[in-house]
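> Sequence:
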Amino acid sequence: MGKGLETRERILAIAEMSVLAKGFGATSIDEVIAEAGITKSGFFYHFKDKNELARAMLLRYVEANNRVFDDVFGRGRQLSDDPLQAFLIGLKLLAEVMADLPHGHPGCLIASVCYQERMFDREVRAIAVNSVQGWNVRFRATLDEIAAQHPPREAVDLDTVADMMSCIVDGGIIMSKLMADPRRLEHQVLAFRSFVKMLFSAEPAARAGQGAAPASHSASSHVDPHLL
Numbered sequence: 074m075g076k077g078l079e080t081r082e083r084i085l086a087i088a089e090m091s092v093l094a095k096g097f098g099a100t101s102i103d104e105v106i107a108e109a110g111i112t113k114s115g116f117f118y119h120f121k122d123k124n125e126l127a128r129a130m131l132l133r134y135v136e137a138n139n140r141v142f143d144d145v146f147g148r149g150r151q152l153s154d155d156p157l158q159a160f161l162i163g164l165k166l167l168a169e170v171m172a173d174l175p176h177g178h179p180g181c182l183i184a185s186v187c188y189q190e191r192m193f194d195r196e197v198r199a200i201a202v203n204s205v206q207g208w209n210v211r212f213r214a215t216l217d218e219i220a221a222q223h224p225p226r227e228a229v230d231l232d233t234v235a236d237m238m239s240c241i242v243d244g245g246i247i248m249s250k251l252m253a254d255p256r257r258l259e260h261q262v263l264a265f266r267s268f269v270k271m272l273f274s275a276e277p278a279a280r281a282g283q284g285a286a287p288a289s290h291s292a293s294s295h296v297d298p299h300l301l
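Taken in order, the sequence shown gives residues 74 to 301; the numbers are from our numbering.
Everything labelled a hint here was simulated from the structure, so no lab data went into it.
Fair warning: this is a prediction, and the values are worked out from it, not measured in the lab.
Since no wrong hints were added, every one of them can be taken at face value.
Below, computed lysine-lysine pairings styled on DSS-like, alpha-carbon distance capped at 27 Å: (1) Lys95 / Lys113; (2) Lys250 / Lys95; (3) Lys95 / Lys121; (4) Lys121 / Lys76.
My request is simple: use the sequences and hints to build the entire structure.
Have a look at this one:
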């Protein structure tokens, strides 16, 4: 990474920490400049105003979240060929990622934009909306794949279930910060995992009627049982 990119990344990291701590309105350019150890002209070389800074922060935040989702749910698919088991493994891994954050989740930039949307231009708001819609589409596609093999036990709107993922994570972040209990977010992700497992698992009688399944040597047969 070149010096210019390093400076830009440092500005974005400092600005994000400040916005998550006290909001976008209370975060000043002068404060970010002082913390980054750069000149005002150096800041404006990278960002012409706070809206451009907000756009870059949001895109960076969304990319980071996408990398986490790609990693945990990709690993789930590597460990099981069954879409339900793969998703359950991914949710377990996601909960572990949240639990490993040393001081809890720092906060959600998407929520910050939502709460202070009048401070931003249309492009910033569009990035926030499109990111959430993209996550909803992603999880709806996963749920469709699961439902094709494991019909839900209750009549549910899968769009609503897909929306729950973002609601669970953002709600868990708020609850964790409010109650000063970082584990709340982890527990909420695990509760959503239990809901998905119950929704798509076969009725006990149906499972009993299937009889003993033959031994399998596929990847799914070597999954750590603690992830299921």
